[in-house]
Every structure is written in structure tokens, then in C-alpha cells.
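Participant: Sequence:
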Amino acid sequence: CPYLALHVTPAIPVIGALLFIFVMSALFRTSFSDPGVIPRATPDEAAYIEKQIEVPNNGNSKTYRPPPRTKEVLIRGQPVKLKYCFTCKIFRPPRASHCSLCDNCVERFDHHCPWVGNCVGRRNYRYFYAFIVSLAFLCVFIFVCAVTHIIMLTKDNKPFLEAVKLSPSSVIVGVVCFFSVWSILGLAGFHTYLTSSNQTTNED
Numbered sequence: 001c002p003y004l005a006l007h008v009t010p011a012i013p014v015i016g017a018l019l020f021i022f023v024m025s026a027l028f029r030t031s032f033s034d035p036g037v038i039p040r041a042t043p044d045e046a047a048y049i050e051k052q053i054e055v056p057n058n059g060n061s062k063t064y065r066p067p068p069r070t071k072e073v074l075i076r077g078q079p080v081k082l083k084y085c086f087t088c089k090i091f092r093p094p095r096a097s098h099c100s101l102c103d104n105c106v107e108r109f110d111h112h113c114p115w116v117g118n119c120v121g122r123r124n125y126r127y128f129y130a131f132i133v134s135l136a137f138l139c140v141f142i143f144v145c146a147v148t149h150i151i152m153l154t155k156d157n158k159p160f161l162e163a164v165k166l167s168p169s170s171v172i173v174g175v176v177c178f179f180s181v182w183s184i185l186g187l188a189g190f191h192t193y194l195t196s197s198n199q200t201t202n203e204d
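Taking full-length UniProt numbering, the leading residue of the sequence shown gets 1, the next gets one more, and so forth.
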């Protein structure tokens, strides 16, 4: 960074710092925001749903069976099937799903991301998308800067190995970014495809 700031432009560390701050803020926003958790049914609500289907037993006592796995409702004149969640005791809305790791139903559930330590759903998907796209930009930016640094050192009439000895950190950063950037770019591209086709990872 100091070499490129002196020999190319002082804007390089500024751009790098701004990208880094944006990436970290998007990461924390994704991690600490509610993904769209749907509240569980209260005991009274759960009892009411379970009593919707009654099966007479000998005409004297009533026994209950669990509610059906789906319920059909009309939305704008179109029949839509709602799935029943036996854990949350609710008929969850379309595109919602139960996360086995968070143990909650999440609205427009995309996936549970171990890297951010949170579910990605309706309320935090935009922050997650901003995180992976900005991370891809940051990774490419750092890789280009590391390669540029090594090339500029070799142009100062120094052999390649001498340039590597002068700045081993650029080589390490370049190698790490080279192997990381493909998966990050792939993930950013995949989620760009999902957003453009109005799908979630779970649906895909």
C-alpha cells in the first residue's frame, strides 16, 4: 500500500479502506439483523389450529389428530398452499421455511449462512447481497494491487525473486486472493442470477 500510494496514486489506500469498511458494515448488518423470523403460535393459537380437525370416537369422546400438512388459501383469486410447521405450530406463508439450525420459520428463507452466523431471509437478504458483491470487488482490488506491486518492483531492474524477497506480503496476499476470488465471484454471480430470476437459494 505505501509503495503504490507513492508510485501510482494516494487514492489506492483510500479506495481499499472504503471498500473494507463497506464490506465489514454489510457483514455486521447481515449478522445482527432479523432475517424475517415468523413468531410461533401461542399455546391458545396452537390448540385452536389442532382442534380444527376433529375425529369423533364412539360418539362420546373426541380425539384429535394433527392438522393437515397443507392448507389452501386464496390470494388475489389464486389458490395457494400453505405448509404447516409442527415446531412453530403455524401455517407458514408462501416461500417461508423452517431453519433447523436457528429453529425458527423464516420469511422468504434463502439459506442459513455459517459465515455470517445467521439465516438469510426477507429482511436481511439485501445486506447479504451487498456483502458478497462488495467482498468480490475488494478481493479483486487487493489481488490487482498485489500483482501490480510485484510487477512494478521487477520493472525497477530487479529480478523476480529479488522483488519477491522485497515484498513477500504481496505474494502471500496475491496467492490468498487468487484462490479465494473464484468462489467469491461465483457466489456473487449465483446470487445475482437468483435476484434477477426472483428465486431463493432454497427454491433453486
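Simulated from the structure, these hints should not be mistaken for lab results. Heads up, a few of these hints could be off.
Across the chosen pairs, the derived CB separations fall in these ranges [unchecked claim]:
#1 I15 / K81: 25 to 31 Å
#2 C102 / K165: 35 to 41 Å
#3 G117 / T9: 24 to 30 Å
#4 V147 / T195: 50 to 56 Å
#5 F20 / L101: 27 to 33 Å
#6 M152 / D204: 24 to 30 Å
#7 K158 / F190: 25 to 31 Å
Keeping only pairs whose Cα atoms sit at most 25 Å apart, straight-line, the calculated PhoX-like set for lysine-lysine is [said to hold, decoys possible]:
#8 K51 / K71
#9 K51 / K81
#10 K83 / K71
#11 K51 / K89
#12 K155 / K165
#13 K71 / K89
#14 K81 / K71
#15 K83 / K51
From the three backbone atoms N, C-alpha and C, an ideal C-beta is built for every residue, glycine too.
Participant: Which of the stated hints cannot be reconciled with the structure, identified by number in ascending sequence?
Facilitator: The structure conflicts with hints 1, 2, 3, 4, 6, 7, although it agrees with all the remaining ones.
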